[in-house]
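Listed here are the chains, written in short residue letters.
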Amino acid sequence: MYDCLQFHGGFGYIRESAIERMYRDARIQTIGGGATEVMLEEVSKRMVN
Amino acid sequence: MNSIYFTEEHNMLRDQIRRFVEQRVMPVAEKWEEAGKVPREILQEMGELGLLGIRYSADFGGSEMGALGSVILAEELGRSTFGGFTVTVMVHTDMASPHLDNFGNEEQLSKYMPDIISGKKIVGVAVTEPDAGSDVAAMRTRAVKDGDEYVLNGTKMFITNGVYGDIFFVAAKTDVDVKASRGVSIFVVEKDTPGFSVGKKLDKMGWLSSDTAELIFDNCRIPAENLLGEENKGFYSIMRNFQNERLVLAAQSMGEASKAIELTLEYVTTRKAFGGVLFDKQVIRQRLASLAARVEAGKQLVYHCAWLDEQGLDYIKEVSMASLLL
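Chain order of the listed sequences is A and B.
Numbering-wise (the numbering used here), the first sequence opens with residue 5 and increments by one.
Numbering-wise (the numbering used here), the second sequence opens with residue -9 and increments by one.
Among the hints, a few may not be true.
[What the hints assert, rightly or not] Facing chain A, according to a computed beta carbon distance under 7 Å, are these residues of chain B, among others:
| # | residue |
| --- | --- |
| 1 | Gly196 |
| 2 | Arg236 |
| 3 | Ser243 |
| 4 | Thr254 |
| 5 | Tyr257 |
| 6 | Lys307 |
| 7 | Leu316 |
[Stated by the list, open to error] With a straight-line cut-off of 16 Å between C-alpha atoms, the simulated EDC-like cross-links for lysine to aspartate or glutamate are:
| # | chain 1 | residue 1 | chain 2 | residue 2 |
| --- | --- | --- | --- | --- |
| 8 | B | Lys271 | B | Glu256 |
| 9 | B | Lys181 | B | Asp208 |
| 10 | B | Lys194 | B | Glu24 |
| 11 | B | Lys27 | B | Asp156 |
| 12 | B | Lys307 | A | Glu46 |
| 13 | B | Lys101 | B | Asp91 |
| 14 | B | Lys194 | A | Glu24 |
| 15 | B | Lys21 | B | Glu31 |
| 16 | B | Lys181 | B | Asp156 |
| 17 | A | Lys49 | B | Asp304 |
| 18 | B | Lys223 | B | Asp167 |
| 19 | B | Lys101 | B | Glu215 |
| 20 | B | Lys135 | B | Asp156 |
| 21 | B | Lys169 | B | Glu215 |
| 22 | B | Lys21 | A | Glu20 |
| 23 | B | Lys101 | B | Asp156 |
| 24 | B | Lys307 | A | Glu41 |
| 25 | B | Lys271 | A | Asp7 |
| 26 | B | Lys307 | A | Glu20 |
| 27 | B | Lys169 | B | Asp91 |
| 28 | B | Lys110 | B | Asp167 |
[Stated by the list, open to error] Each pair of labels, with its calculated beta carbon distance range:
| # | chain 1 | residue 1 | chain 2 | residue 2 | range |
| --- | --- | --- | --- | --- | --- |
| 29 | A | Thr34 | B | Gln6 | 28 to 36 Å |
| 30 | A | Met51 | B | Glu215 | 37 to 45 Å |
| 31 | B | Pro29 | A | Glu20 | 19 to 27 Å |
| 32 | A | Tyr6 | B | Met16 | 17 to 25 Å |
| 33 | B | Arg261 | A | Met51 | 38 to 46 Å |
| 34 | A | Thr40 | B | Gly266 | 20 to 28 Å |
| 35 | A | Met51 | B | Pro29 | 43 to 51 Å |
| 36 | B | Ser187 | A | Met51 | 40 to 48 Å |
| 37 | A | Leu44 | B | Asn92 | 21 to 29 Å |
| 38 | B | Asp270 | A | Tyr6 | 18 to 26 Å |
| 39 | A | Glu20 | B | Lys191 | 23 to 31 Å |
Just so you know, these hints were derived from the structure itself, not from any lab.
Positions of the beta carbon are idealized from the N, C-alpha and C atoms, including for glycine.
The task is simple: from the sequences and hints, build the whole structure.
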């Protein structure tokens, strides 16, 4: 989302662009339902078992 | 879609949802963002189209498809560009109601499932607390049996559908003298139960059309028959459902990412700069190509996870890997 907004230039920072909303909406995805750090633990503990 | 995973039935479902999103969601959802609410009418419309019971028994109006059906729903709704709308639906269909589907008895299923599948009643799941997120064992909410009732006390946090939802699957400790994983139970709590209230509607950075709330249980008395599944076995039910939650959240993200790349391509192939369009710049098109590769890899992993689910296999490692790609 970061790159997609970046490539929209100034328009990507304007509220009426869909990418502006998608950038905000996507941020929670590395937190909700288990943060990235929790997922890394889930994967790493299964790598040694 | 040409894929080893999807049948003609899957492809028809995908087309149906894509049309619905383009015609009924995208033109109007900006208003839902402003209102902080997905209208009940649209959810009921989805119910009528069979989109809220993809996984569930035909006895209650469901379509009896597997995890691939949920993945299609999440991915296609994700393409709407309105994450708040998507998560409102996905919490209802794939994060909250599976608790009932997996562990509800005949009576509970026939009491609640038809309204859930039709969209007449919207549901949420209340596990997270101010001091207990992924660390489910740390929860403090208690449920104490008193005659033929349970008395709930505690606070739940960040509950999606918490403000406008009708029914909640609430996790609480029923035995504090044992290891936490052996002392959690899940209860069905209906909105108008005395002692149950919405603390506050939380204002968020994104997902604006999704309502998120703090829920308060203050001597909330519920009938003992509202216990879902066996007493003290709720921890396993929560852990089991985490897999499905992560699966649909990853699928939603893949749909969003695909759509974001499409929107960006549209922009960079038309926007003029330095005597051409932005896509003429190698750095732009190569970065987009590498993003597309990541999304494609992510999608295939998500589909594989859904397939593992349909084979009845554990896929917590694989789905956690998919989450790492978000």
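Taking the hints in turn, this is what the structure says about them:
1. Gly196: Status holds, d = 3 Å.
2. Arg236: Holds, because the Cβ-Cβ distance from arginine 236(B) to chain A comes to roughly 6 Å (cut-off 7 Å).
3. Ser243: 5 Å, holds
4. Thr254: Since chain A brings a Cβ to about 4 Å from threonine 254(B), closer than 7 Å, the hint holds.
5. Tyr257: 5 Å, holds
6. Lys307: 4 Å, holds
7. Leu316: 5 Å, holds
8. Lys271(B) / Glu256(B): Judged against 16 Å, a Cα distance of about 15 Å means the pair holds.
9. Lys181(B) / Asp208(B): 13 Å, holds
10. Lys194(B) / Glu24(B): Status holds; Cα separation ~12 Å.
11. Lys27(B) / Asp156(B): 14 Å, holds
12. Lys307(B) / Glu46(A): 6 Å, holds
13. Lys101(B) / Asp91(B): 12 Å, holds
14. Lys194(B) / Glu24(A): 15 Å, holds
15. Lys21(B) / Glu31(B): Holds, because 14 Å separates the two Cα atoms, which is no more than 16 Å.
16. Lys181(B) / Asp156(B): 5 Å, holds
17. Lys49(A) / Asp304(B): The given pair, whose Cα atoms are some 15 Å apart, holds under the 16 Å limit.
18. Lys223(B) / Asp167(B): Satisfied, since the Cα-Cα distance of roughly 14 Å is no more than 16 Å.
19. Lys101(B) / Glu215(B): Since the Cα atoms of lysine 101(B) and glutamate 215(B) sit roughly 12 Å apart, the hinted pair holds (cutoff 16 Å).
20. Lys135(B) / Asp156(B): 24 Å, violated
21. Lys169(B) / Glu215(B): Given that 16 Å is the threshold and the Cα spacing comes to 25 Å, the pair is violated.
22. Lys21(B) / Glu20(A): 12 Å, holds
23. Lys101(B) / Asp156(B): 14 Å, holds
24. Lys307(B) / Glu41(A): 14 Å, holds
25. Lys271(B) / Asp7(A): Distance of about 14 Å is within 16 Å: holds.
26. Lys307(B) / Glu20(A): 39 Å, violated
27. Lys169(B) / Asp91(B): 26 Å, violated
28. Lys110(B) / Asp167(B): Violated. Lysine 110(B) to aspartate 167(B) sits at ~40 Å, over the 16 Å cutoff.
29. Thr34(A) / Gln6(B): 28 to 36 Å: With Cβ atoms ~31 Å apart, the hint holds.
30. Met51(A) / Glu215(B): 37 to 45 Å: 44 Å, holds
31. Pro29(B) / Glu20(A): 19 to 27 Å: 22 Å, holds
32. Tyr6(A) / Met16(B): 17 to 25 Å: 23 Å, holds
33. Arg261(B) / Met51(A): 38 to 46 Å: 44 Å, holds
34. Thr40(A) / Gly266(B): 20 to 28 Å: 38 Å, violated
35. Met51(A) / Pro29(B): 43 to 51 Å: 46 Å, holds
36. Ser187(B) / Met51(A): 40 to 48 Å: 44 Å, holds
37. Leu44(A) / Asn92(B): 21 to 29 Å: For leucine 44(A) and asparagine 92(B) the Cβ distance comes to about 27 Å; the hint holds.
38. Asp270(B) / Tyr6(A): 18 to 26 Å: 22 Å, holds
39. Glu20(A) / Lys191(B): 23 to 31 Å: 25 Å, holds
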